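Converting from the sequence shown to our numbering requires adding 208 to each position, the first position being numbered 1.
These are calculated hints, taken from the structure and not from any lab test. Owing to the predicted nature of the structure, the values given are computational and were not obtained by experimental measurement. For every residue, glycine included, the Cβ atom is placed at its ideal position computed from N, Cα and C. Mixed in with the good hints there might be a few duds.
Unchecked claim - The following label-pair restraints were derived from C-beta to C-beta distances:
| id | residue 1 | residue 2 | range |
| --- | --- | --- | --- |
| 1 | Ser312 | Tyr250 | 12 to 22 Å |
| 2 | Asp351 | Cys322 | 29 to 39 Å |
| 3 | Tyr256 | Glu290 | 17 to 27 Å |
| 4 | Cys322 | Asn258 | 13 to 23 Å |
| 5 | Pro247 | Gly352 | 17 to 27 Å |
| 6 | Asp289 | Ser338 | 13 to 23 Å |
| 7 | Ser278 | Asn347 | 32 to 42 Å |
| 8 | Ser338 | Ser312 | 33 to 43 Å |
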Amino acid sequence: MFNFVNMIISSKIRFFLFTLIISVILFSCKDNTEENPVPSAYVNFSLYLNDPEYQELKIPGNFVFVRSGSVNVVIYRISNDEFVAFDRMCTYEAKETCLVVSDSSSAIVKCSCCNSKFILVDGTPLANQSAVHSLRPYNVTYDGGDYIHVSNQ
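Can you make the complete structure from the sequences, with help from the hints?
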């Protein structure tokens, strides 16, 4: 009788552990390290800051939209010596018709389709937005004078 009870308890424990392991595997939190949904595109261009089209970039806190080939880019001047650049394609919709546009704040842009808002300092979406991925970043080098270079290399 004692062996029979131990067998039943042992099989119930095994069943419980098996169920627990399967549940953990199936229902564990999804890791949000998916790749940025905006496709990578070749970007390699320079801007002359004294060009009237880019005068806004002479002042920290301002940004401009630039089209280079098939890529739409937003360039933001963080400080006197620091610029950042991001693809304008929204990371929620990730299609060419859903580009970020100017918002009421100079440091924030919003998607023209889903209205997700992104902070231009680092490209991250504001909390509680449809978009969860940051805007696709590009490298920016500044010569300390009149030129910036934007690339993804």
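We went through each hint and held it up to the structure:
no.: 1; hint: Ser312 with Tyr250: 12 to 22 Å; result: violated, 33 Å
no.: 2; hint: Asp351 with Cys322: 29 to 39 Å; result: holds, 37 Å
no.: 3; hint: Tyr256 with Glu290: 17 to 27 Å; result: holds, 18 Å
no.: 4; hint: Cys322 with Asn258: 13 to 23 Å; result: violated, 36 Å
no.: 5; hint: Pro247 with Gly352: 17 to 27 Å; result: violated, 33 Å
no.: 6; hint: Asp289 with Ser338: 13 to 23 Å; result: violated, 34 Å
no.: 7; hint: Ser278 with Asn347: 32 to 42 Å; result: violated, 18 Å
no.: 8; hint: Ser338 with Ser312: 33 to 43 Å; result: violated, 19 Å
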